[in-house]
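S.K.: What follows is each chain in one-letter form.
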Amino acid sequence: MQRRIHILPDHVANQIAAGEVVERPASAIKELIENSLDALASEIEICVRNGGKTELRVADDGHGMGRDDALLAIDRHATSKIKSEKDLRSIQTLGFRGEALPSIAAVSRFELETAPSDGDTGTRIKINGGSVVSVDEIARRPGTTVTVRSLFFNVPARARFLRSAAAETRAVSETTIALALANPGTAFRLKSNERELLDLPRTADLAGRVAAIWGEELASQLLPIDYVADGVRVAGLVQRPADARPGSRRVYTFVNGRPFVDRFIVRAAEDGYRTTVPPGHRPALFLYLELAPEGVDVNVHPTKAEVRFRDKMKTEAVVGAAIRTGLEGLASAAPLGMPGLSSRQLVGPPTGRGPGVGAAAAVERAASQMALFVPGAEAPQQAPADESGVTPTDMTRSGAMWQLHASYILAETRSGLIIVDQHSAHERVLFESIMRSFEEGTAGSQRLLFPITLRLSPTEAQAVEELSGILRRIGFEVEAFGQNTVVIHAVPNPHPHFDAERCFREMVAELAYGSPLVESARNQHERVAKSFACKAAIKAGQPLSELEMSELFDRLFASSLPSHDVHGRPTILRLSLDELARRFGRS
Amino acid sequence: MKVTVTRENFQRGLSAVAATIPTRTTLPVLSNILVETVEDRLRVRGTDLDISVSVQTPAEVERQGAITVPAKKIADIAKELPDQPVQLQSEGGRVAVVCGKSRFRLNSLPSDEYPSFPEIPFEKGWKLRSGELQRLSAHTSFAVSSEETRPVLNGVLWQLRGDEMRMVATNGHRLAKMVVKVGGTASGEDDLIVPPKALQQVERLFDSEDELEIARSESHLGFRSERTEVYTRLIEGPYPNYEQVLPKDQDKECLADRAALTAAIRRVAIVASDQTHRVKLSFSAENLGLTVQTPDLGEAEDEMPVSYKGSPLEIGFNAQYLLDVLRYMGSEEVKITLSAPERPATFQPVGGEDDYVTLVMPLRLME
Ligand SMILES: Nc1ncnc2c1ncn2[C@@H]1O[C@H](COP(=O)(O)OP(=O)(O)OP(=O)(O)O)[C@@H](O)[C@H]1O
Ligand SMILES: [Mg+2]
Chain L
44 MQRRIHILPD
54 HVANQIAAGE
64 VVERPASAIK
74 ELIENSLDAL
84 ASEIEICVRN
94 GGKTELRVAD
104 DGHGMGRDDA
114 LLAIDRHATS
124 KIKSEKDLRS
134 IQTLGFRGEA
144 LPSIAAVSRF
154 ELETAPSDGD
164 TGTRIKINGG
174 SVVSVDEIAR
184 RPGTTVTVRS
194 LFFNVPARAR
204 FLRSAAAETR
214 AVSETTIALA
224 LANPGTAFRL
234 KSNERELLDL
244 PRTADLAGRV
254 AAIWGEELAS
264 QLLPIDYVAD
274 GVRVAGLVQR
284 PADARPGSRR
294 VYTFVNGRPF
304 VDRFIVRAAE
314 DGYRTTVPPG
324 HRPALFLYLE
334 LAPEGVDVNV
344 HPTKAEVRFR
354 DKMKTEAVVG
364 AAIRTGLEGL
374 ASAAPLGMPG
384 LSSRQLVGPP
394 TGRGPGVGAA
404 AAVERAASQM
414 ALFVPGAEAP
424 QQAPADESGV
434 TPTDMTRSGA
444 MWQLHASYIL
454 AETRSGLIIV
464 DQHSAHERVL
474 FESIMRSFEE
484 GTAGSQRLLF
494 PITLRLSPTE
504 AQAVEELSGI
514 LRRIGFEVEA
524 FGQNTVVIHA
534 VPNPHPHFDA
544 ERCFREMVAE
554 LAYGSPLVES
564 ARNQHERVAK
574 SFACKAAIKA
584 GQPLSELEMS
594 ELFDRLFASS
604 LPSHDVHGRP
614 TILRLSLDEL
624 ARRFGRS
Chain F
9 MKVTVTRENF
19 QRGLSAVAAT
29 IPTRTTLPVL
39 SNILVETVED
49 RLRVRGTDLD
59 ISVSVQTPAE
69 VERQGAITVP
79 AKKIADIAKE
89 LPDQPVQLQS
99 EGGRVAVVCG
109 KSRFRLNSLP
119 SDEYPSFPEI
129 PFEKGWKLRS
139 GELQRLSAHT
149 SFAVSSEETR
159 PVLNGVLWQL
169 RGDEMRMVAT
179 NGHRLAKMVV
189 KVGGTASGED
199 DLIVPPKALQ
209 QVERLFDSED
219 ELEIARSESH
229 LGFRSERTEV
239 YTRLIEGPYP
249 NYEQVLPKDQ
259 DKECLADRAA
269 LTAAIRRVAI
279 VASDQTHRVK
289 LSFSAENLGL
299 TVQTPDLGEA
309 EDEMPVSYKG
319 SPLEIGFNAQ
329 YLLDVLRYMG
339 SEEVKITLSA
349 PERPATFQPV
359 GGEDDYVTLV
369 MPLRLME
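Chains L and F are the protein sequences, given in the same order.
Residue numbering for the first sequence follows the numbering used here, starting at 44 and increasing by one per position.
Residue numbering for the second sequence follows the numbering used here, starting at 9 and increasing by one per position.
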């Protein structure tokens, strides 16, 4: 028969992640099952004695090897699976190093029996601690059987580190289960000391495999997911939130058919469950990632337990989104468990970030261009996004607002709720409108039927005289009447509850005698504007109508720094749904 | 106390009084009403200490007495009772309400804890038809101020003079004044500053045909008809001298269709600033132009034919004030008089016998 196996050139071999391939019986089992899977076996039988310490055997019905290949297979860097450096970057098989068989053979009494599927004669090779003992021609059915006895007989230090037979058996069983989950189309049978631990017939259906391993109950608690974004497909089965339980759990992740461990991927998946399961409850997860071989590097770990994603963040985001979409589907009773991909799932957002972890809020915000209080209207373009993260477009359609204690306004937003301090908010609005009117000259000034006559202190009277030009521009028309008396003929009218006389008195006192607020101003105009904003703004304790509240919101969010008043205090507090969930112990 | 009234009379009395009951109060007895017998009548009284209302209804009195009852509960009960005579009887600290087969027993507070009503010497008062008072108040009280620093402006000035009476209200930005001839018997002249809430009660509780007796004490004012009494605290003056600010030398006059003017102002005001509501009016012969410019929003222009005498004038106003004064003009046409951009404009109905004038102070235009 034609030879398949060849020795990798040194420069390729040297690039392969080096290290110990075989640490315990389970790692030998893993290598052997992977070889069987690469040989396209449809049935694999695994037997161990004494946890595999005494003997372990993997038998398959795969394509087997001819005599020449079999002899080559036990050499280092002998593989049929890659040829060049280039192949290393797009590995499609489980094996690629040409390391497994020689590594195992070096530390055990090793026996390889194989026959190719084209009916050629079979071959048996026996190796003791790395030395070939015998090569015989045998008659056997096509396929390969590898038997490993007395593992680490020649490496006592290693042998001492092996655990109890039960613990090693558990590890073998775990390894077998992972590979069996990755390959439901292959039958697996696991025996320990002639006792059958697993008998997994071939199945087309992942849930069937889960049921064969753990029983129908777990299988019935799983939801299928299948989601594609950014060239990553995430399919599999995830536990319904309500069925998640604390403690031991079943989490299996695969990439391109290969089991791997990655706590970040698991965390991304659990984040997708956020708010749907109580803290400490761990849903069972069977996640199958598929992406172009170039997108994932499996050549990073000697036992291939870990992989490296070229775009780790993106992959995690897609996993989170996949879970969320799956759970969403549950809520909205969308058809579940469709094989293949729907067109919706195939279209990923062009931003390079799926509607998944982290990106969720941004996408949501961008997508919700609806105005604050007018359902369906276009949002004002200047809607700023400052560090408060609240914009008019963030408001929900209901636009519901409540005034609390005649001082605060509570409003629902998409991501939770906000509380606005009415005085601080109006202060910000007035300050900006006054500063703007200094440039544009638009401040209104209401003439009075009965002019206000005020007696001031000499310091105040002097301040009024010095500032009369600026006062006039904000709307106060003041006439000096002699003897520290002034007459006000016209006043600004910033809101219906405005008390012009009181505002003027308080403002003049502040401007005359100073305050931290006016000291912080950069010039006289800003001094007056800050003082006016503070004294003229709607007071705490002032009941507001719904219309007044919505006008205040409109104007606040149209200002350039909506979340701070002129004292630098916050105007807006936000409480996110996440925080609410946290406080109510829901996340 | 033991007394029987018809359900209808009982309910009417209670609903008249209920509106004065404060929703929240630190004085628990104020959330009650006072129910008492007066000769062969039942009298129901309620107060918030500023305004008090008292209503009498015919009754079958078996035993004289007085008691207080929770206002809200008794009003709700009266609404639901079957249409049969209602018997009220005091039983120790409680009052029993019996109507047909329905019986209620409500806890009550002693009637002597109930605030006493002001003593008003009605024999020294005025007499007039309720409708005239109501007409005055309806045309003026909208113009009062809600600012707290000048309490007199929170009230309506009511001037009683020989054969006429006047009412004036202003917030210092706009003013409304109305004068009516009175046929009733006058007893001296007086100036009263009345809270608009009291006038609202007068409009609500008296029929326009009711003959009212009106009289004052040092601090209170009372209105009464045969069955109903309203008392209010008076606001202390002096009221500013409004006569002085009513312009006498207006040299420009405009006649405009009231409905068209109102509609034009409402239209352009849509783009006016929330803050100032400023609209600019440009008067010229045969034409009135309306302009609104709001820097961060946009602008609006409108115009309408008018007849105008005088040199052209541009003047700014708070659109809301203009709409307020136009709303109470009963006429088809309105006469506007003006003099200068910083001087007031007056608005008066054209035709009709009402002696009614409103005045609006301008907004300074800064272009
Ligand atoms: N069960 C099997 N059936 C058929 N061919 C096999 C089997 N096991 C091993 N081989 C052949 O022997 C070769 C060497 O196997 P080995 O496991 O040592 O290396 P590998 O699978 O190529 O790479 P890796 O070291 O990554 O496992 C394989 O490339 C394959 O061609
Ligand atoms: Mg291999």
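Just so you know, the hints here were simulated from the structure itself, not pulled from any lab data.
There could be a bad hint or two in this list.
Derived lysine to any residue pairs resembling SDA-like cross-links, with alpha carbons at most 25 Å apart [what the hints assert, rightly or not]:
| hint | chain 1 | residue 1 | chain 2 | residue 2 |
| --- | --- | --- | --- | --- |
| 1 | F | K288 | L | R516 |
| 2 | L | K582 | F | T34 |
| 3 | F | K256 | L | V530 |
S.K.: Determine for every hint whether it applies to the structure shown.
M.R.: Here's how the hints hold up against the structure:
| no. | hint | result |
| --- | --- | --- |
| 1 | K288(F) to R516(L) | holds (18 Å) |
| 2 | K582(L) to T34(F) | holds (24 Å) |
| 3 | K256(F) to V530(L) | holds (23 Å) |
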